[in-house]
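Protein chains in written order, with the working numbering: chain X, 1 to 252; chain R, 253 to 453.
Quick caveat, the hints were computed from the structure, so don't treat them as lab data. Ideal Cβ positions, reconstructed from N, Cα and C, are used throughout, including at glycine. Take these hints with a grain of salt, some might be off.
As the list claims (entries may be wrong) - In the BS3-like style, the derived pairs of lysine-lysine whose C-alpha atoms are separated by at most 25 Å in a straight line are: (1) R/Lys-269 - X/Lys-67; (2) X/Lys-68 - R/Lys-269; (3) X/Lys-132 - X/Lys-19; (4) R/Lys-385 - R/Lys-405; (5) R/Lys-365 - X/Lys-212; (6) R/Lys-269 - R/Lys-423; (7) R/Lys-405 - R/Lys-322; (8) R/Lys-405 - R/Lys-325; (9) R/Lys-365 - X/Lys-217; (10) R/Lys-449 - X/Lys-37; (11) R/Lys-269 - X/Lys-37.
Claimed, not checked - Chain X is nowhere near these chain R residues, computed Cβ spacing over 10 Å in every case: (12) Gly-260; (13) Asp-277; (14) Asn-289; (15) Ile-359; (16) Asp-377; (17) Pro-379; (18) Glu-380; (19) Tyr-386; (20) Asn-424.
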Amino acid sequence: MLAKRIIPCLDVRNGRVVKGKQFKDIVDVDAPETLGKYYSDNGADELVFYDITASSDERKTSLEFVKKVADEINIPFSVGGGASTLADFTEILRNGADKVSVNSAAVRNPELIREASERFGAQCVVLSIDAKKNDKGSWTVYTKGGREDTGLDAVAWAVRGVSLGAGEIVVNSIDKDGMKDGYDTDLLTQITSQVRVPVIASGGAGEMKHFKEVVEKSDVDGILAASVFHFGEINIIELKQYLRANGIEVRI
Amino acid sequence: MHVILDYGLGYLYSVQKGFERVGLDTVITDDLTMIRNAKSIILPGVGAYRDAVKLLREKGMFEVIIEEAKKGKPVLGICLGMQLLYDKSYEYGEYEGLGLIQGEIRIMDISLKVPHMGWNSLIFDRPEDPLLKYISQGDYVYYVHSYYADSDKKEVVAHSNYEIDIPGIVKNENVYGIQFHPEKSGLVGHNILRAYKELII
Chain X
1 MLAKRIIPCL
11 DVRNGRVVKG
21 KQFKDIVDVD
31 APETLGKYYS
41 DNGADELVFY
51 DITASSDERK
61 TSLEFVKKVA
71 DEINIPFSVG
81 GGASTLADFT
91 EILRNGADKV
101 SVNSAAVRNP
111 ELIREASERF
121 GAQCVVLSID
131 AKKNDKGSWT
141 VYTKGGREDT
151 GLDAVAWAVR
161 GVSLGAGEIV
171 VNSIDKDGMK
181 DGYDTDLLTQ
191 ITSQVRVPVI
201 ASGGAGEMKH
211 FKEVVEKSDV
221 DGILAASVFH
231 FGEINIIELK
241 QYLRANGIEV
251 RI
Chain R
253 MHVILDYGLG
263 YLYSVQKGFE
273 RVGLDTVITD
283 DLTMIRNAKS
293 IILPGVGAYR
303 DAVKLLREKG
313 MFEVIIEEAK
323 KGKPVLGICL
333 GMQLLYDKSY
343 EYGEYEGLGL
353 IQGEIRIMDI
363 SLKVPHMGWN
373 SLIFDRPEDP
383 LLKYISQGDY
393 VYYVHSYYAD
403 SDKKEVVAHS
413 NYEIDIPGIV
423 KNENVYGIQF
433 HPEKSGLVGH
443 NILRAYKELI
453 I
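Okay, chain R solo, but in the shape it has when bound:
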């Protein structure tokens, strides 16, 4: 069983549908026992970092995600879920994240329009990564975000450029993060989810 964490932020229908299209059945849940028993954890999310951290803590998920990730269970964070994997965020204050990937979430301080919303092309940092198996450098994916992961870049599998380099896919051992929305990125997104499914089943 693969779980999509429901902590009350964002609607999870599209994420579940995206995995269903590549043949991965998922369960949307906030049940801690189910999360502990799951084969993999998908952490989605749209909204504010502060609210997400607060809700994850209130529901007891915060510690469980960290424990399960440290045991080697595959964890995939999408959009805000990816940002939550990092050490901390400066979105409307300073909030501690899950600390599964080193780095900090900061506002995009750039001259271009923010949010970074739309289709941007991927540049591969680690072309050999299995998540990139079915896609090509230059393929477009759909982003919607105003904050980005600022780090020493050693976790970056692929990035996009929007005045600054935006980490698009990141990885630390069994933990993957995707800043864009694979479930809304057409065939390219579909092929990323397909590669991810093959990694975790």
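Extracted from the complex, chain X is given alone in its bound form:
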């Protein structure tokens, strides 16, 4: 059977992996290919790189990391943050990435999902959603690294993204990001019950039990985390042994 994927997420700014809390307080961690190789050799099933480089000039240089990563690792990886056109998709995939994830660019231009999916295949197109709980008890999509309220309902946007051709959904809870008190299983369950593509949980990992909880409570296919891995608080191989001991299928 298919194993649940454990996915370290690496935010890249100007060619370096960085990490902040709730999109703030950014600190430098390592070079993308160095950290990528480390994770590839130590139990990660897949890697996600988000290019959070500020300006488009710097972004061109920043995307050089994609090829360096492809040279170093032999597990799948996706790249997000830098893609807003089909030409960007081409460039990222040509340099060895397996998937491209879109977030703000897809909100601005939903047709990008359809065009990319038709050109490169749904498996290459990941819709990444930053969601925050609103006072009506549902979740709203935010863009621009959590700064801009789009007014879109997160669950409806996930469903629409899949109908446009997204082959995978990454759901990042802004409320939970960096808080280390567990994933947003309510939001994830809403989304997994309504889409028939893989869903990746993101935001909130603090302890190993959070990974177990999110798999048990919502039908997610992968679990993404950043700082707990980068700062050595959770070792992926130990995490997988723990999950397997709890009856969850993982690749060891």
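We have chain X already, so just place chain R on it with the hints.
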């Protein structure tokens, strides 16, 4: 010289890199003379069957692959490239494949999520096959696909289960096919490519 066929579908960098890691130098080409002179042919591919068949025919590769395979040259199809080795596919219509392996490519009509995307474990059908030399039953490999090879199973070297049995590695004499991505399957994939290299050099 070992050639990776470039017919315009999918990016071939990772496949070439995967072989480079096991010490096999490859050339990415669409040149028919080079393909004819090559010691082995690697047929990769990601995308639609229809487009792949059309491009292979337009570039004249379709007949050359069949001729070279029939002469006994090693051919390895990966992912869509593996599916192209079969008789035909029902992906968005009905398209004739290379016919080097008997069987048909059909959509996975199952209740689980499709595409079948992620790491699945291998079950060996022919444990003595030399391609499995450096890996073990139960090892995980990385799949991304929505269609699968439906056949009488006599070509299946190893499979994975995803509600139905999915042929993962198939073989007909000098022709091998791999449904998953060995170049993206970590150390296990590396060890499959390493065994393949030893078979063809």
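Practice task
Please write out, lowest number first, the hints stated earlier that are contradicted by the structure.
Solution key: Per hint list: zero violations.
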